[in-house]
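Peer 1: If you read the protein sequences in the order shown, they are chains A and B. The first sequence begins at 1 in my numbering and counts up one residue at a time. The second sequence begins at 1001 in my numbering and counts up one residue at a time.
For the record, the hints were derived by calculation from the structure and aren't laboratory data. In this text, a Cβ means the ideal position worked out from N, Cα and C, and glycines have one as well. Just so you know, not all the hints are guaranteed correct.
DEER-style ranges, computed between Cβ atoms [what the hints assert, rightly or not]:
id, chain 1, residue 1, chain 2, residue 2, range
1, B, 1052, A, 74, 15 to 21 Å
2, B, 1018, A, 78, 43 to 49 Å
3, A, 68, B, 1055, 37 to 43 Å
4, B, 1111, A, 96, 33 to 39 Å
5, A, 16, B, 1059, 17 to 23 Å
6, B, 1068, A, 53, 46 to 52 Å
7, B, 1076, A, 70, 39 to 45 Å
8, A, 53, B, 1028, 42 to 48 Å
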Amino acid sequence: GAGVSQSPSNKVTEKGKDVELRCDPISGHTALYWYRQSLGQGLEFLIYFQGNSAPDKSGLPSDRFSAERTGGSVSTLTIQRTQQEDSAVYLCASSLTGGLNTEAFFGQGTRLTVV
Amino acid sequence: DQQVKQNSPSLSVQEGRISILNCDYTNSMFDYFLWYKKYPAEGPTFLISISSIKDKNEDGRFTVFLNKSAKHLSLHIVPSQPGDSAVYFCAASQGGSEKLVFGKGTKLTVNP
C-alpha cells in the first residue's frame, strides 16, 4: 500500500466503551501524527511520534486518551470510557523524517460516533 | 480561543477566475504557515507553505501571501479549475514545533 491506512473507517460505539483506532503509516516514515476533526471544527493536534524519541502527547484532551507506536511503525490510538464529545474524525499522518519542511501524508480517517 | 481563523466557511468562484482564500491568526509567535486541501472522504493533502521570513511563495497556480503586521495570509488560485473544489485548511506552527494549529476550513466551489 502506498498511502497511510487507517482502520476501521467507521466506528459506532456506546458511551462508556473503549475503542482502538489503528494507523499503518507509509513504510519508512519515521514521524507519525494523530489529529482529530470534530464537526464544524479544524483539525486538532493530539500526539506526535518521531523515531525512538518520547512522543509529544501535549494535545491529548484527557487521560482517557492514549496512543502507542509499536516497532516504529503501526500506531494505535485508544480512547477509554468514550463520551459523546469524543465523536469526531480521527486522522493519522506520517512523514519521512518529521519537520515542517517534510510533507505529511494523511490517511482517510476513522469516523467515530459515540451514542 | 481560536488562534487560526478562516472567517469564510464557503466561497464560490467561476472557472478561470481567481480564488482568494483568507486566513487570520492571533499568535504572533507563529512562524510557519501551511495550506492543506481536503476532498470528501479523503485525508487532507499538503498544498503549499510559507515561512515568516518571506511574504510570498508561489507554486504553479497557487500563491500564498503573508502579511505579518496584519497577521493575515491568503491563498490565491489562478486560474481556478473545477477540480480545485474542496475544503481548504490554513495551519500554523511556531518554533519548529510539529504541532500544527488549524483553522476550521473554507469550502471552495469552482463552477464550470
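Peer 1: The structure should be examined with respect to each hint, and the outcome stated for every one.
Peer 2: Hint-by-hint comparison with the structure:
1. 1052/B <-> 74/A: 15 to 21 Å: violated (36 Å)
2. 1018/B <-> 78/A: 43 to 49 Å: holds (46 Å)
3. 68/A <-> 1055/B: 37 to 43 Å: Cβ of residue 68/A to Cβ of residue 1055/B: about 42 Å, so the range 37 to 43 Å holds.
4. 1111/B <-> 96/A: 33 to 39 Å: holds (37 Å)
5. 16/A <-> 1059/B: 17 to 23 Å: Roughly 48 Å apart at Cβ, these two residues miss the hinted range, so it is violated.
6. 1068/B <-> 53/A: 46 to 52 Å: For residue 1068/B and residue 53/A the Cβ distance comes to about 31 Å; the hint is violated.
7. 1076/B <-> 70/A: 39 to 45 Å: holds (43 Å)
8. 53/A <-> 1028/B: 42 to 48 Å: violated (28 Å)
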